[in-house]
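Given the structure of chain B, go ahead and fit chain G onto it with the hints provided.
Protein chains in written order, with numbering that gives the first Met the number 0: chain B, 0 to 332; chain G, 0 to 332.
In case anyone wonders, no lab produced these hints; they're calculated from the structure.
Among the hints, a few may not be true.
As the list makes no split between identical chains, a pair holds if one copy fits it or if it spans any two.
[Said to hold, decoys possible] Taking lysine-lysine pairs in the DSS-like style, the calculated list, with each CA pair at most 27 Å apart, reads: (1) 116 to 200; (2) 146 to 325; (3) 273 to 309; (4) 44 to 316; (5) 67 to 265; (6) 21 to 200; (7) 309 to 97; (8) 325 to 265.
2 protein chains.
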Amino acid sequence: MQNTSETSGFAGRWVSFREDIKVLDCTIRDGGLMNDSKFDDCIVKSVYDSCVEGGIDYMEIGYKASRKVFARDRFGAWRFSDEADMRRIMGDNPSALKISVMADAEKTDYHHDILPKDQSVIDMVRVATYIHQIPLALDMIKDANDKGYETCVNLMSVSNVLERELDGALEILATSEAQAIYLVDSFGALYSEQIDYLVAKYLKYAKAAGKEVGVHMHNNLQLGFSNTIQGIVSGANYLDATMAGLGRGAGNCPMELLLRFLHNPKYNLRPILKCIQESIEPMREELGWGFSVPYMLTGFMNRHPRSAIKWNSSPEKDDLVGFYDKIILEEEA
Amino acid sequence: MQNTSETSGFAGRWVSFREDIKVLDCTIRDGGLMNDSKFDDCIVKSVYDSCVEGGIDYMEIGYKASRKVFARDRFGAWRFSDEADMRRIMGDNPSALKISVMADAEKTDYHHDILPKDQSVIDMVRVATYIHQIPLALDMIKDANDKGYETCVNLMSVSNVLERELDGALEILATSEAQAIYLVDSFGALYSEQIDYLVAKYLKYAKAAGKEVGVHMHNNLQLGFSNTIQGIVSGANYLDATMAGLGRGAGNCPMELLLRFLHNPKYNLRPILKCIQESIEPMREELGWGFSVPYMLTGFMNRHPRSAIKWNSSPEKDDLVGFYDKIILEEEA
Numbered sequence: 000m001q002n003t004s005e006t007s008g009f010a011g012r013w014v015s016f017r018e019d020i021k022v023l024d025c026t027i028r029d030g031g032l033m034n035d036s037k038f039d040d041c042i043v044k045s046v047y048d049s050c051v052e053g054g055i056d057y058m059e060i061g062y063k064a065s066r067k068v069f070a071r072d073r074f075g076a077w078r079f080s081d082e083a084d085m086r087r088i089m090g091d092n093p094s095a096l097k098i099s100v101m102a103d104a105e106k107t108d109y110h111h112d113i114l115p116k117d118q119s120v121i122d123m124v125r126v127a128t129y130i131h132q133i134p135l136a137l138d139m140i141k142d143a144n145d146k147g148y149e150t151c152v153n154l155m156s157v158s159n160v161l162e163r164e165l166d167g168a169l170e171i172l173a174t175s176e177a178q179a180i181y182l183v184d185s186f187g188a189l190y191s192e193q194i195d196y197l198v199a200k201y202l203k204y205a206k207a208a209g210k211e212v213g214v215h216m217h218n219n220l221q222l223g224f225s226n227t228i229q230g231i232v233s234g235a236n237y238l239d240a241t242m243a244g245l246g247r248g249a250g251n252c253p254m255e256l257l258l259r260f261l262h263n264p265k266y267n268l269r270p271i272l273k274c275i276q277e278s279i280e281p282m283r284e285e286l287g288w289g290f291s292v293p294y295m296l297t298g299f300m301n302r303h304p305r306s307a308i309k310w311n312s313s314p315e316k317d318d319l320v321g322f323y324d325k326i327i328l329e330e331e332a
Numbered sequence: 000m001q002n003t004s005e006t007s008g009f010a011g012r013w014v015s016f017r018e019d020i021k022v023l024d025c026t027i028r029d030g031g032l033m034n035d036s037k038f039d040d041c042i043v044k045s046v047y048d049s050c051v052e053g054g055i056d057y058m059e060i061g062y063k064a065s066r067k068v069f070a071r072d073r074f075g076a077w078r079f080s081d082e083a084d085m086r087r088i089m090g091d092n093p094s095a096l097k098i099s100v101m102a103d104a105e106k107t108d109y110h111h112d113i114l115p116k117d118q119s120v121i122d123m124v125r126v127a128t129y130i131h132q133i134p135l136a137l138d139m140i141k142d143a144n145d146k147g148y149e150t151c152v153n154l155m156s157v158s159n160v161l162e163r164e165l166d167g168a169l170e171i172l173a174t175s176e177a178q179a180i181y182l183v184d185s186f187g188a189l190y191s192e193q194i195d196y197l198v199a200k201y202l203k204y205a206k207a208a209g210k211e212v213g214v215h216m217h218n219n220l221q222l223g224f225s226n227t228i229q230g231i232v233s234g235a236n237y238l239d240a241t242m243a244g245l246g247r248g249a250g251n252c253p254m255e256l257l258l259r260f261l262h263n264p265k266y267n268l269r270p271i272l273k274c275i276q277e278s279i280e281p282m283r284e285e286l287g288w289g290f291s292v293p294y295m296l297t298g299f300m301n302r303h304p305r306s307a308i309k310w311n312s313s314p315e316k317d318d319l320v321g322f323y324d325k326i327i328l329e330e331e332a
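Chain B with its partners taken away, still in its complex shape (with noise of 0.2 Å):
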């Protein structure tokens, strides 16, 4: 029984699903930050064959950096994305899921890293934008599109953006070869109703120009599911999610949460907990990934979760009260 963005009502919703929702996994890419994109094959082939197994639509394996921003021999391979790379884990990809990766504006040498669409296993560019990068993001897309991929844009930040210059950057999103344009909540400062707000505001662009809206939620209010739960509410189709929420700082929407709550019967979860069990738990203590009370300070405080990030990986790290502290006083600036 399929439920429509239109259906309301207590049951009309949970107890049913939407089939016109497209899951994201992007459990390495987001991950990456946490580690420099240094992952073990195996722990990337663990992910591809749980996404396969567990019927989700897209892959984010990495990102596209330009070479001549970041150092080879300082990040791992999915900084990069090379096809001999993502070859080396899936082959040609004989599956049904999409493989995407993530160009950011400014760091991304579009023109020269991404092939052609018939010579890569990529099927998917996701383009990463801030407000002041749009018209460089909107020849990303055209750039993608052209080679014959499909297309997404994240608008980065919108928590410290004016809503005035966030109506105008939609405008000019829409007018993009972009599928579907995502509210990307960079720093995990938003609540419910300001997703049900921007969602709606996102839809009335998106849908005018034949796009869908998308979500990305971080975890440092411990609202990184429910954000994601708010914005199918309120009309969100592409949903980004990872592994055990592994990701930068306090992480991500959980995939094995959402899975569940999305009662889509294309959906397992048993391959998904096995690559938690397997592949990712066992990474926990190393990457210190999820919610602690650094990473609500800066999600509180809508700012750049670097702080907390640089705080937990020091010896101060249980040190609450100091973070606090420093954060207060550094808002006085």
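Chain G in isolation, oriented as in the chain B frame:
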């Protein structure tokens, strides 16, 4: 600027605050389910001090359990909450913080163990009842009220109660002396749309009788905080939370998240963080509360977390797929 339950609209909600909201800390009471209520005095004193300094409205210090049901030598002081034990922590409680105890139906020798108010530092008795115990609960509420206490009632496991019986229960509880009726998500199984629906139902009965509605949420699906927010948005004015989410299984709505969300300047976050750092986090490894896949699975299945608590304290604890297979097989029965 006061924000009443009736205020709606984006800017009217989180930017302001609602003065009639009361926050109840139940760290020691609910956390006592993970250690047979055996907390050292220094831990209980730390929670008490931080509640006083943090501006919390109520602290639930423990259960008022019957010695005929619970062996005094197997459980710690906070299963019984004797006057001498409480006064060792707080003297005559020379503060604005009110002290609450929980009295479980059928597990409390209430005629004998609950003293007249003028002999006690307790301010409020919260009666916890399953639906089949309501006549007894009504007598317990009346007894406490007659002795001079504030009273509340927690109706447990509502996610397993048929709707027409829930309506009957609320109709009866609305005739009691309790100042608030709590919606309790015992198994951490409810989504925000269900919270919204249920709080509205509780309010219908409670408001007509001049009572408030409270919410007590668990974190099995990482929704403890967000469901508490949903409760606030839906009109609940009594809110349970615990330091660092300490509580049975996946734990509760974390106090540190809730206080900052509420934006009422009478609340202070720093003493809460100090308590978490010095007294709560050092217990995490031994007590093992907080989100994990086994708790997620019992939540999704709307079951008591006891099988997950047992699994998480066994040598199999990291075998997530093993627990999934076990619980799926049990479902066949």
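Do the hints match the structure? See the list:
Proximity of residue 116 and residue 200 under a CA criterion of 27 Å is satisfied in neither setting, with 33 Å inside one chain copy and 55 Å between copies. Taking the shortest Cα distances, residue 146 and residue 325 never come within 27 Å of each other, neither inside one copy (48 Å) nor across copies (48 Å). Taking the closest pair of Cα atoms, residue 273 and residue 309 come within 27 Å of each other only across two copies (20 Å); inside a single copy the shortest separation is 31 Å, beyond that limit. Within a single copy, residue 44 and residue 316 get their C-alpha atoms only as close as 32 Å, which misses the 27 Å cut-off; across copies the closest is 24 Å, which meets it.
For a Cα distance limit of 27 Å, the shortest separation of residue 67 from residue 265 qualifies neither inside one copy, at 41 Å, nor across copies, at 53 Å. In this homomeric assembly, residue 21 and residue 200 come within 27 Å of each other (Cα to Cα) only inside a single copy, at 20 Å, whereas the closest approach across copies is 34 Å. Neither within a single protomer nor between protomers do residue 309 and residue 97 lie at most 27 Å apart by alpha-carbon distance, with minima of 34 Å and 39 Å respectively. Taking the closest pair of Cα atoms, residue 325 and residue 265 come within 27 Å of each other only across two copies (22 Å); inside a single copy the shortest separation is 48 Å, beyond that limit.
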